[in-house]
Amino acid sequence: MKLEIKNVTKKFKEKTAVNNFSMELQSGECVGLIGPNGAGKSTLIKVIADIIDPSMGEVLLGGKKISKMKREIGYLPQYPNFFQWMTAKETLTFMGQLSGIKKEELTRSIPEIMSKVGLSGEENSKVRTFSGGMKQRLGIAQALLHKPSLIVMDEPVSALDPIGRREVLNIIEEIKKETTILLSTHILSDAEEICERFVIIKNGEKIEDTTMTELLNRNSENKINVDLTVKNQEWIEIVKSLNFVKGVEVIGNKLKIEVENIELNKNLLLASALEHNVDLVRFEIDNDTLEEIFLKLVVEK
Amino acid sequence: MNNFTVLAKKEFVQMVREFKVIWLPLVFIFLGLTQPVVSYYLPSILKALGGGQGITIDPSMAAQKGGEVLASTLGSQFDQLGVMIIIVSMMGVVQSDKANGMLAFILTRPVTVGSYISGKVISNYLFVACSVVLGYLVSYLYVILLFTRVDFVDLLVALLFYLMWILFIVSFTTMISTIFNSQGIIALISIVFLLGCRIVVGLSPVLDNVNPASMSKHAMEVLILGTVNTDVIWSVISTIVLSALTILVTNIWISKKKFNNE
Chain A
283 MKLEIKNVTK
293 KFKEKTAVNN
303 FSMELQSGEC
313 VGLIGPNGAG
323 KSTLIKVIAD
333 IIDPSMGEVL
343 LGGKKISKMK
353 REIGYLPQYP
363 NFFQWMTAKE
373 TLTFMGQLSG
383 IKKEELTRSI
393 PEIMSKVGLS
403 GEENSKVRTF
413 SGGMKQRLGI
423 AQALLHKPSL
433 IVMDEPVSAL
443 DPIGRREVLN
453 IIEEIKKETT
463 ILLSTHILSD
473 AEEICERFVI
483 IKNGEKIEDT
493 TMTELLNRNS
503 ENKINVDLTV
513 KNQEWIEIVK
523 SLNFVKGVEV
533 IGNKLKIEVE
543 NIELNKNLLL
553 ASALEHNVDL
563 VRFEIDNDTL
573 EEIFLKLVVE
583 K
Chain B
9 MNNFTVLAKK
19 EFVQMVREFK
29 VIWLPLVFIF
39 LGLTQPVVSY
49 YLPSILKALG
59 GGQGITIDPS
69 MAAQKGGEVL
79 ASTLGSQFDQ
89 LGVMIIIVSM
99 MGVVQSDKAN
109 GMLAFILTRP
119 VTVGSYISGK
129 VISNYLFVAC
139 SVVLGYLVSY
149 LYVILLFTRV
159 DFVDLLVALL
169 FYLMWILFIV
179 SFTTMISTIF
189 NSQGIIALIS
199 IVFLLGCRIV
209 VGLSPVLDNV
219 NPASMSKHAM
229 EVLILGTVNT
239 DVIWSVISTI
249 VLSALTILVT
259 NIWISKKKFN
269 NE
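Those protein sequence lines, which keep their order, are chains A and B.
Our numbering puts the first residue of the first sequence at 283, with every later residue one more than the last.
Our numbering puts the first residue of the second sequence at 9, with every later residue one more than the last.
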């Protein structure tokens, strides 16, 4: 089902948390909502999960108002809390029944989902005794239980240690095949790992909506970094004379070579280096890392 | 199973897990037996403690009627300590769900606000009512043991009247618990308002007609006099209307999502 967010604005007294935000999510997509702390990610997620009403604009799922489509949404809060006195199984039964799943179906699907999120054997433990990672996994289990067509996750891995993070990322990777996922995070490598598409939000406004490869390509400047052991002035001159080289920058043993077309010219350059017996240490396309791009976008714009 | 039964069942399970199911009835049983026992032994207690010099105990004082003692169980035990304990036991009814985010979480599911509130109010009311009935019955047993018999029909009518006042207490506390975020404030407002309602009973007949606490006075009158004041109809209507109003306010408050204005 298609998720449409149309001109959503949310104001808290004087502060505008989300400002005229629009975006569309096709069925089966996995979108990462990235932004610094306080950018309005959680507010936007809450508007999508119908926990708070937007001051303006609307959110539609499959063409219908989100408040009418709650059965189709699985929501994972930033800090899933649950009732401390319930066991894991009771929690899932409770949330499942509220979503309108029949009891017979639950007795079948709960063990299934518990093993999927790696909580088998914990069915009868109280939620009170759960670690952060276990709660997060239980949160994912309840979000998946009613087989929603959209799963909304607010910082699913930000509060976890590296091991818990890895486990949860693997689970998300798994469920990605079956549903549409929208998740927010401020940790780029997580988003990079699971999502194809990014929406970058800053001060409540959408500043970028793009895919990973596009983002990386757009920010590369047709430059190649070459590190040499000993400065080889002869080869530098040869490189300068190559017809596709537009400029060479020399910093110590490092060369930054700008070419006309990175795809076509990179191998020619390498061939030239080999031909002249240049002692290469490193040869790479000069790419900004995702983090650099992110910083550039968020800080500068 | 629809959402209302799921939510109500959850409330009952929670009461069992948190041992509320034990302590609240026990409190009311204790309150219920205090009045008849103390009334019965008061002359002996005074005699023993007073040293017996210069004090005359009027023998007619001990000759209270059963109905009067039962009425004062309602008036001086349930309506004071009892009401406070109900409020304290219920102050977190919605507030704790708000505080830990469960309210918002539950409402991300296809659950109507109405079934959430009715699940809360009805389950808690049934439970509080059962505790009150239990305490009342214990009081009744002691009354017929130590004093005179009370007419059974009067007993039931008075109980019915009293339970209407309890309904208002429960729905009012739920409303306050929904609106305010601190348990202390919730308890304070509820106790001051509800005990205030009880105190002003009898000051003005007009006020009594719109005061849910006057249901308690009517219950006491039934027990003492054995007759039903016809004004009770106004109190019944106003109690129902006011309870419905508090539930409506609760409903609007949650529907408008005012509960998570961070």
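Possibly wrong hints are sitting among the right ones.
[Said to hold, decoys possible] Quick list of in silico lysine-lysine cross-link-like pairs, DSBU-like style, CA-CA up to 35 Å: (1) LYS264/B <-> LYS488/A; (2) LYS55/B <-> LYS385/A; (3) LYS417/A <-> LYS55/B; (4) LYS106/B <-> LYS398/A; (5) LYS429/A <-> LYS458/A; (6) LYS384/A <-> LYS28/B; (7) LYS106/B <-> LYS371/A; (8) LYS17/B <-> LYS347/A; (9) LYS293/A <-> LYS106/B; (10) LYS293/A <-> LYS28/B; (11) LYS106/B <-> LYS458/A; (12) LYS347/A <-> LYS28/B; (13) LYS371/A <-> LYS17/B; (14) LYS28/B <-> LYS408/A; (15) LYS28/B <-> LYS264/B; (16) LYS264/B <-> LYS458/A; (17) LYS293/A <-> LYS429/A; (18) LYS73/B <-> LYS417/A; (19) LYS398/A <-> LYS347/A; (20) LYS264/B <-> LYS347/A.
[To be verified] Residues from chain B shown here face chain A by an in silico Cβ test under 8 Å; the list is partial: (21) ALA16; (22) LYS18; (23) ARG25; (24) GLU26; (25) MET110; (26) THR116; (27) LYS265.
Hints listed in this document are in silico derivations from the structure and should not be mistaken for laboratory results.
A quick note: this is a predicted structure, and the numbers were derived from the prediction, not measured.
In this text, a Cβ means the ideal position worked out from N, Cα and C, and glycines have one as well.
For each hint, the structure was consulted:
1. Straight-line distance between C-alpha atoms of LYS264/B and LYS488/A comes to about 27 Å, which keeps the hinted pair within the 35 Å bound.
2. Our distance criterion of 35 Å between C-alpha atoms is broken by LYS55/B and LYS385/A, whose separation comes to about 65 Å.
3. As the CA atoms of LYS417/A and LYS55/B are separated by approximately 64 Å, the hinted pair breaks the 35 Å bound.
4. Restraint check for LYS106/B and LYS398/A: the C-alpha separation of about 30 Å stays at or below 35 Å, so the hint holds.
5. Using a Cα cut-off of 35 Å, the hinted pair LYS429/A and LYS458/A holds, with the two alpha carbons roughly 12 Å apart.
6. Of the pairs offered as hints, the one joining LYS384/A and LYS28/B holds, with about 30 Å between alpha carbons and a cut-off of 35 Å not exceeded.
7. Taking the CA atoms of LYS106/B and LYS371/A, the gap is about 23 Å. The hint holds against a cut of 35 Å.
8. The hinted pair formed by LYS17/B and LYS347/A meets the criterion: a straight-line CA distance of about 30 Å does not exceed 35 Å.
9. Among the hinted pairs, LYS293/A with LYS106/B is consistent with the structure: their alpha-carbon atoms are about 21 Å apart, no more than 35 Å.
10. For the hint pairing LYS293/A with LYS28/B, the CA-to-CA distance comes to about 41 Å; that exceeds 35 Å, so the pair is violated.
11. For the proposed pair LYS106/B and LYS458/A, the alpha carbon gap of about 31 Å is at most 35 Å, so the pair holds.
12. For the hint linking LYS347/A to LYS28/B, the alpha-carbon distance of about 41 Å lies beyond 35 Å, and the restraint is violated.
13. Only pairs whose Cα atoms come within 35 Å are accepted, and LYS371/A paired with LYS17/B is accepted, the gap being roughly 15 Å.
14. For the suggested pair LYS28/B and LYS408/A, the alpha carbons sit about 19 Å apart, so the restraint of at most 35 Å is met.
15. A hinted pair counts as satisfied when its Cα atoms are at most 35 Å apart, and LYS28/B with LYS264/B qualifies at roughly 31 Å.
16. As the CA atoms of LYS264/B and LYS458/A are separated by approximately 33 Å, the hinted pair is consistent with the 35 Å bound.
17. Note on LYS293/A and LYS429/A: the hinted pairing holds, with a Cα-Cα distance of about 32 Å set against a maximum of 35 Å.
18. Pair hint LYS73/B plus LYS417/A does not hold up; C-alpha atoms about 60 Å apart against a cutoff of 35 Å.
19. Restraint check for LYS398/A and LYS347/A: the C-alpha separation of about 31 Å stays at or below 35 Å, so the hint holds.
20. Taking the CA atoms of LYS264/B and LYS347/A, the gap is about 16 Å. The hint holds against a cut of 35 Å.
21. Because the closest C-beta pair between ALA16/B and chain A is about 12 Å apart, greater than 8 Å, the hint is violated.
22. Interface hint status for LYS18/B: upheld, as the beta-carbon distance to the closest one in chain A is roughly 6 Å, under 8 Å.
23. For ARG25/B, the interface hint holds, the least distance from its beta-carbon to any beta-carbon of chain A being 4 Å, beneath 8 Å.
24. Contact between GLU26/B and chain A, as hinted, is supported at the beta carbon level, the nearest pair being about 7 Å apart and thus within 8 Å.
25. Using the Cβ-Cβ criterion of 8 Å, the hint placing MET110/B at the interface with chain A is satisfied: the shortest such distance is roughly 6 Å.
26. Annotation: interface hint on THR116/B holds; nearest CB of chain A at approximately 4 Å, less than 8 Å.
27. Given hint, LYS265/B at the interface with chain A, holds; its Cβ is 6 Å from that chain's nearest Cβ, closer than 8 Å.
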